[in-house]
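For the sequence shown, the numbering used here assigns the number 53 to the initial residue and increments by one for each residue that follows.
In case anyone wonders, no lab produced these hints; they're calculated from the structure. A few of these clues could be false.
As the list claims (entries may be wrong) - Capping the alpha-carbon separation at 20 Å, the derived lysine to aspartate or glutamate pairs in EDC-like fashion look like this:
no. : residue 1 : residue 2
1   : K107      : D394
2   : K56       : D279
3   : K107      : D391
4   : K107      : E196
5   : K107      : D188
6   : K107      : E161
7   : K56       : E66
8   : K56       : E352
9   : K56       : D391
10  : K56       : E340
11  : K56       : D234
12  : K107      : D279
Note that the structure is predicted; figures quoted are calculated from it, not measured.
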Amino acid sequence: MSVKPTAAQLAWQEAGFALFLHFGINTFNGREWSDGTLDPATFHPTGLDARQWVKTAVEAGAGQVILTAKHHDGFCLWPTDTTDYSVASSPWRDGRGDVVADLAEACREADIGLGLYLSPWDRNASCYDDPEAYDDFYTRQLTELCTRYGPLTELWFDGAGSENRSYDWDAVMAVIDAHQPDAMVFNMGRPTIRWVGNEDGLAVDPCWYVTDTTGISVYDDDTRRLDGQCYLPPECDVPIRRHWFWQPDDLHTLKSRDHLLAIWYRSVGLGAGLLLNVPPDRRGLIDEADRTRLLDFTAEVRRRFDEPHQGTLLPGDDGEVRVRFPELVEFDHLELREDLADGQHISRHEVLADGRPVATGGTIGVRRIHATEVTRARELRIRLTGSGTIRSVNAFRTGHVTQPELEPQPAFMTDKIDEREGS
Numbered sequence: 053m054s055v056k057p058t059a060a061q062l063a064w065q066e067a068g069f070a071l072f073l074h075f076g077i078n079t080f081n082g083r084e085w086s087d088g089t090l091d092p093a094t095f096h097p098t099g100l101d102a103r104q105w106v107k108t109a110v111e112a113g114a115g116q117v118i119l120t121a122k123h124h125d126g127f128c129l130w131p132t133d134t135t136d137y138s139v140a141s142s143p144w145r146d147g148r149g150d151v152v153a154d155l156a157e158a159c160r161e162a163d164i165g166l167g168l169y170l171s172p173w174d175r176n177a178s179c180y181d182d183p184e185a186y187d188d189f190y191t192r193q194l195t196e197l198c199t200r201y202g203p204l205t206e207l208w209f210d211g212a213g214s215e216n217r218s219y220d221w222d223a224v225m226a227v228i229d230a231h232q233p234d235a236m237v238f239n240m241g242r243p244t245i246r247w248v249g250n251e252d253g254l255a256v257d258p259c260w261y262v263t264d265t266t267g268i269s270v271y272d273d274d275t276r277r278l279d280g281q282c283y284l285p286p287e288c289d290v291p292i293r294r295h296w297f298w299q300p301d302d303l304h305t306l307k308s309r310d311h312l313l314a315i316w317y318r319s320v321g322l323g324a325g326l327l328l329n330v331p332p333d334r335r336g337l338i339d340e341a342d343r344t345r346l347l348d349f350t351a352e353v354r355r356r357f358d359e360p361h362q363g364t365l366l367p368g369d370d371g372e373v374r375v376r377f378p379e380l381v382e383f384d385h386l387e388l389r390e391d392l393a394d395g396q397h398i399s400r401h402e403v404l405a406d407g408r409p410v411a412t413g414g415t416i417g418v419r420r421i422h423a424t425e426v427t428r429a430r431e432l433r434i435r436l437t438g439s440g441t442i443r444s445v446n447a448f449r450t451g452h453v454t455q456p457e458l459e460p461q462p463a464f465m466t467d468k469i470d471e472r473e474g475s
């Protein structure tokens, strides 16, 4: 019996690309992970403009943005009723500001999805060491986020810091089921998407969507195993610079356009989702250098893949699909898509032009991008392993016959963190 995706999962997979917005009290203190004791008075953006964040996301072609509403330090970017450690205790807008509300309004105006990150680990909450009390505290925070700001497309539960700690995930999921049933749930609780397993933004081939584990045993053995096989497509998270929160001294770590393209090929191009962190700075704006690099990268993606030669699918021999183009086409890239309505089933594929292999690989999934040598063909044959079917095949002439290479990245700056690295 196949494990099938929900309509919401398929929609999330089709979107493919989102922006992560790490923003909070760490932004103003040169930290990545802080311990919950930083003074709320230090949170004071001078020109916060959530519309600029969303405009950047829309121009980049992102389907949603995900904001760190609460990171591990416990500082809340909305005026919560659960704690004083929030924007309500800051001088920003005289304590009457609400970052989540600003972003939700901007997302509605631009018709783009809004996701929220709510760290289970809370280093400020005095009740954290009392599991029962903290579970109540946490579900009240989640309820506020799920009921005050309209539809959410994703809820992001980071397992960092929760080693050997169990939370009341049944209570958490009850809140989501009641108020945001269509939101994707990242990695913990009763997840609908999973972490790819690294913070480099990289998936692997084969990229399977059906699994019996979330793959986060490094954080929480209680949530590692799932109740049987589940449809859980992976999400690849990665920062545009070396750090997750904006830092004043790491511009030199800004990833190059070609490195970002290399990540895209190895995430979206392998059938995974890409979540690229582009953090607002101390003004409350996306840094112009980051914005320019992001838009340069996404413009190149569009240049390469916005003008496809669309093939028509025809029956072939057993285990094969024929693809015919309206005329002889010249291409150096191919995009294959599997019909996932009944689940993921193709485990291997080979594309032939005039009987000669031009591309081979494992899974196809929601999309699979191959860079090929320059090829001229009117018809292709695709050999498939597995019972799945091809939904579409497109050919492109991009001027590039190889994927961009990943570049060496700068070492992590340990003075930026409290205890360890992580998102």
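I'd like to know which numbered hints this structure contradicts. Please list them from smallest to largest. Hint check: 1, 3, 4, 5, 8, 10, 12 fail, others pass.
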